[in-house]
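J.: Sequences are here, hints too, so could you generate the full structure?
Here our numbering is used: the first residue of the sequence shown is 520, the next is one more, and so on.
Just so you know, the hints here were simulated from the structure itself, not pulled from any lab data. All values reported here derive from a predicted model rather than from experimental measurement. Quick reminder that beta carbons are idealized off the backbone N, C-alpha and C, glycines included. Certain hints may be false.
Stated by the list, open to error - Restraint-style ranges between C-beta atoms, simulated for each label pair:
(1) ARG743 with ILE646: 48 to 54 angstroms
(2) GLY981 with GLN1106: 56 to 62 angstroms
(3) GLY817 with MET1149: 38 to 44 angstroms
(4) ALA857 with PRO554: 51 to 57 angstroms
(5) ALA826 with ALA857: 33 to 39 angstroms
(6) LEU1047 with ASP1130: 29 to 35 angstroms
(7) ASN548 with ALA826: 23 to 29 angstroms
(8) ALA559 with GLY699: 35 to 41 angstroms
(9) ALA861 with ALA762: 31 to 37 angstroms
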Amino acid sequence: MLEATGYADEVRGLATAAQVAGVPVALRNLLPEVPGVREALEARERRAVEQLLAAPVTEPFVELRHAPLESLGSFSSRAGYRIARSMFETDSLPSSWVAVANGCDELWVPSTFNRETFRQAGVRVPITVIPGGVNTQLFTPEVAPMVIPGVRGTVFLSVFEWRDRKGWDVLLRGWAEAFGPDDDVTLVLRTYPVGVHQRVAGMAGILAQIDQCLRDQCGGRSRRDVAPIHLVEERIPWAQLPAFYRSATAFVLPTRGEGWGRPFMEAMACGVPVIATRWSAHLDFLRDATGYLVETDGVVPAETQDAAVYVGQRWASPRVAHLVTQLRRVHADRREAAAIGARARSDMVAQWGWERAGDAIAQRMRALVGSGVVRGVGGTRVSVGAQPAGAVPSLLVEGGASGADLWRSEAAQWVMALSHPAVSAPNGGTLSVSWRVDHEVIRPSFGSDEERAWRCMGALAGRPGIQLTVLSPAEAHRAPVPPDGDTPWVVALAGAADHGLPGSWVAPLRDRASGVLVAHEGERQACLAAGLSAAQLTVVPLAVDPSRWARTGAAYLRAAPTAGTAVLLPATPWSLPRVQQLVALYQRLFVDTDPLVLHLRVPPVSPEAADPAHPAVAAYVAWRERLVAMRGQNRPKMPFIWLDDAAIHADEWPALYRSAHALLSPGTGCGTELLAAQRCGVPVLAVDGGAARQWLSAESGWVIPVDAEGRPQGDALRRALMAACDPGQRAQRVEAADAAWARHAAADAGLPGVLSAAWGERVAALWRASRAFTP
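T.: Laid out in structure tokens, this is it:
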């Protein structure tokens, strides 16, 4: 808010414009106020900002956060609707940004360019274009030009942070080709090292890079061999920026990509023509009649050392030869340049003042209020499909993981299915669904399946008609608690009885459960061996959301080696023993010359996500700490392991699967990850067990047999991993998995949209197991 950044300037303009348009606004700083910024503001703007900073916040309120998505921070728990406004400069988004965007209720972007790139990257929440603007009273041709000592002739000005994305190397190559030392022209660069907005000793490094670029990319030239290049080191005070722009004949920046292009707009408002790349966000306000657009040679991989966020992204390749043409055109016909600058000024005044953004905000807020989506103040939770007393027995679901894993848990999947509008009780009545978990849950994206499930959370007014308890391996150390009285009690085992039913579960399930839903035949046999009756047990099918687990969408773009076949092995506290066996085998069976990269995921475990005192959790945390401590200490000939120890958002899991060539599953759990990976086009290698036997065949994946003690067989693992290195064999497995999915989905259960036939079978199994309804 009160910082010397473009984001801060934009939020001040947006807030004051929205207030003028009739939207009640209050401002709050996300970061500490930077000394001197408040005093540097124009007097009217400073008064308006101070009034908004002092304005009270009353409920209900919509919270708007304006920042790069990677640094957005947490919304207030009291906000009734959560909006982020952000932007990005490439043709896609990092997967972590997509996850953050989908955690909001809505996203605002400044340009049609970002509306398209964000949607194509996998952002599912509503996206609204709220443009930027410019203060045409401050930025005006009526100010006197600033005198810059040492400049001559036609002056080309460029203002930017010294980043590869800004195309400074393209600018230097074009400058060296366009003009020689005797031409009456000057290039003025107001630039600064990355992350620095004032005069620093680091400018010497920029000069060194300029010299190196001229020498290496411009035919061995030096600064003496080209027209003058003048560096302005001092930060230009805000009030003097218009005079600074007015000192130039033209503004030039052959950028590789912009999220908006605020300096272009400021120069145009001052009547200064702009030379800019014909690509990305600024094309919303910059056209051939009001500027000089530089053609591109398409989009290329973003090769940069100064910002890891661009790894794996693509941006424009400005055509140097056409930049040369545009530079010479301005110098040769300054009258034409002045006319183009005048048209640019008229365009800014007529169409791009901040009032345009204010009107767009007011229009969107009226639409939100009119649709009723902002009425859930403070996270008010309601039972989906709640009915008058006595209509249909209410259904209570209990269980589910914590943190980001909650929305991948079996309990969440059940609630999302049961709360779907298409699901009804066998007698045709609408269901009343409640969900009970033992921890606080942050509201997910507005309008999503998860948000519908989140609204089911809360205590029931009375005894439930049916209770569904979902038990995962995390609950293996404690006995489940049946409901009071004679309430039908259905228990779903989410892969928790892979190696036998926990002893503390046997009596409650045997003596009290109306029905037990198991993930696969292996769990069914374990329950039978423990003494449960066959009549109690039902194997329910796997079910995943086909709109989410798909082959298209954002990629998981954290930096990793790209050579070799990337095999993903995710670890959890509950799969740790098997994962340790697989890692040991991998290190014994392979060497560094083998075409494999083991992508070992060992995310952190917070106290909110699992009990740190649980033996499995404690063992996992200790093992993870040892791995992190040994990072980079590979022994000679040791096969490569990429240790991925970062936290991951739930929305990143499909992107994570898509980034791998194959999934190596420890074979524990209910097997949902097997189907999810296959739906993302990733073949699966799974250690033999109930899930692998139930959901994999020799045609659709690789099943790794185990020895008499249950350990994966090394020779079989090596053969399967080497087979996974063959693109042809991978493609065959994916094709077979697709065919199996198509056969499974063909049995239509009458549930439309996102609910597959498998979900229909699950819901039907629940009704049968509850025995609450009779045919």
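J.: Check the structure against each numbered hint from earlier and tell me which ones fail, lowest number first.
T.: 4, 9
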